[in-house]
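K.L.:
Sequence:
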Amino acid sequence: GTSGGGQRPLAALSVGFLGLGNWVRRPWRRPPVTQLCFQSWGKKLRRFSFNCGGRGVPTRPALLLVAVGGAETEQAATVTAAAFGAASPAMAAPCAEDPSLERHFKGHRDAVTCVDFSINTKQLASGSMDSCLMVWHMKPQSRAYRFTGHKDAITCVNFSPSGHLLASGSRDKTVRIWVPNVKGESTAFRAHTATVRSVHFCSDGQSFVTASDDKTVKVWATHRQKFLFSLSQHINWVRCAKFSPDGRLIVSASDDKTVKLWDKNSRECVHSYCEHGGFVTYVDFHPSGTCIAAAGMDNTVKVWDVRTHRLLQHYQLHSAAVNGLSFHPSGNYLITASSDSTLKILDLMEGRLLYTLHGHQGPATTVAFSRTGEYFASGGSDEQVMVWKSNFDIIDHGEVMKVSRPPAILASSTGNLPEVDFPGPPGRGRSVESVQSQPQEPVSVPQTLTSTLEHIVGQLDVLTQTVSILEQRLTLTEDKLKQCLENQQLIMQRATP
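Numbering (my numbering), first residue to last: -11 to 485.
Think of the hints as simulated: they come from the structure by calculation, not from any bench.
What you were told as hints is all true, and nothing was included just to trick you.
Within a straight-line C-alpha distance of at most 30 Å, the following computed DSSO-like cross-link-like pairs (lysine-lysine) qualify:
#1 K139 - K161
#2 K171 - K110
#3 K203 - K214
#4 K203 - K252
#5 K245 - K161
Remember, it's a predicted structure, so these values are computed and weren't measured experimentally.
Produce the complete structure using the sequences and hints provided.
P.N.:
Below, the structure written as structure tokens:
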């Protein structure tokens, strides 16, 4: 291997594979402990759990399963997974739409802080408190790269849009741009005066943005290797900064409990979102660029419209701080990682919890979808990187792969996500609907039924317009009431001697 900024091959890399048929098991540092647990809530509570520890006889791998809701009751689905489990006649059959743990990487010597997929999903980068940057190859039995160069913990990683470069930020106050090959050459960027918490490339790859504990957001030129300008209105550490998909806006999240939206060209703060009750740990743009989602230490996830600045959705599902989140490329799903050790998958179109995934032993620190949404990766304080296959997005994945289609289809013709307030862990999970793989033959519809349906649609349009008018009137009433209160306060102030 090489020293300094080079790459050191791994002598003993442990990789686990999960699947229905053949599987490969390589040496582990310590025996895996597996628990597969199902919980479902309906008319009565059912719980099944299976445990397998030590180096026992290899058995058929345990698959990640989710309790599927029926027509009468909705069920909360909880998945607990590790590398391998024992077969049991009581084990439920897996559903094709459930997320499954595909691969499982070990090589870091401390907590994993960040993960990101390359554009072609052939590589997965991860950073750790051990100050090493790992590049894992998705092809089975391929050797990983370990890049050394940072002098302190790595806090963030991001592949360039082309996949030819990889950026990382560190507590050593530097950003490094790597060429993710066997040589592992890198260039250091220095301008921050404290820990660099976030790094993100613009969609054209010509610039990237960083966030730091020095309370600033900085923009850099990638190929000229030059610092361009700073954005500095936050009054506490800045945890995260991201470009919008079109590169015109920048969003940042800070320990000052605010999320700020910036115009890249004017370098002005467009709006500040102040609804979080604690430090804001992570923020990202919806693939359409019309919304942002932010995670916080107050255990919540909030979604805002960047055009109207309205709070669209609010989720309080985790029992501890939310450390990271990632939008599915279709824009229909959001996944979160929390210190309560779980990952949660949300259906944004219906505003509900789909899955709760238990895989990490300890806080889940980071999560990211691949560029196609077919996979997502997570990292945790247990030093592990897990790669999951989405499965639940089979239809959306096919649509994302169509070049002619935009990356996000939103709920209404105006491009807005539905407004949702989802307080507290409700214990409700996914009801999986049957998906037909073969197209149905056309069925003739009677004329009377057609006219009836058209009449119903017309009535729904009238109802929609009525609701819109009522909402406008309610807004006017609220404004008048606010004005009356202000006038009353002025009168009282004048009356006071």
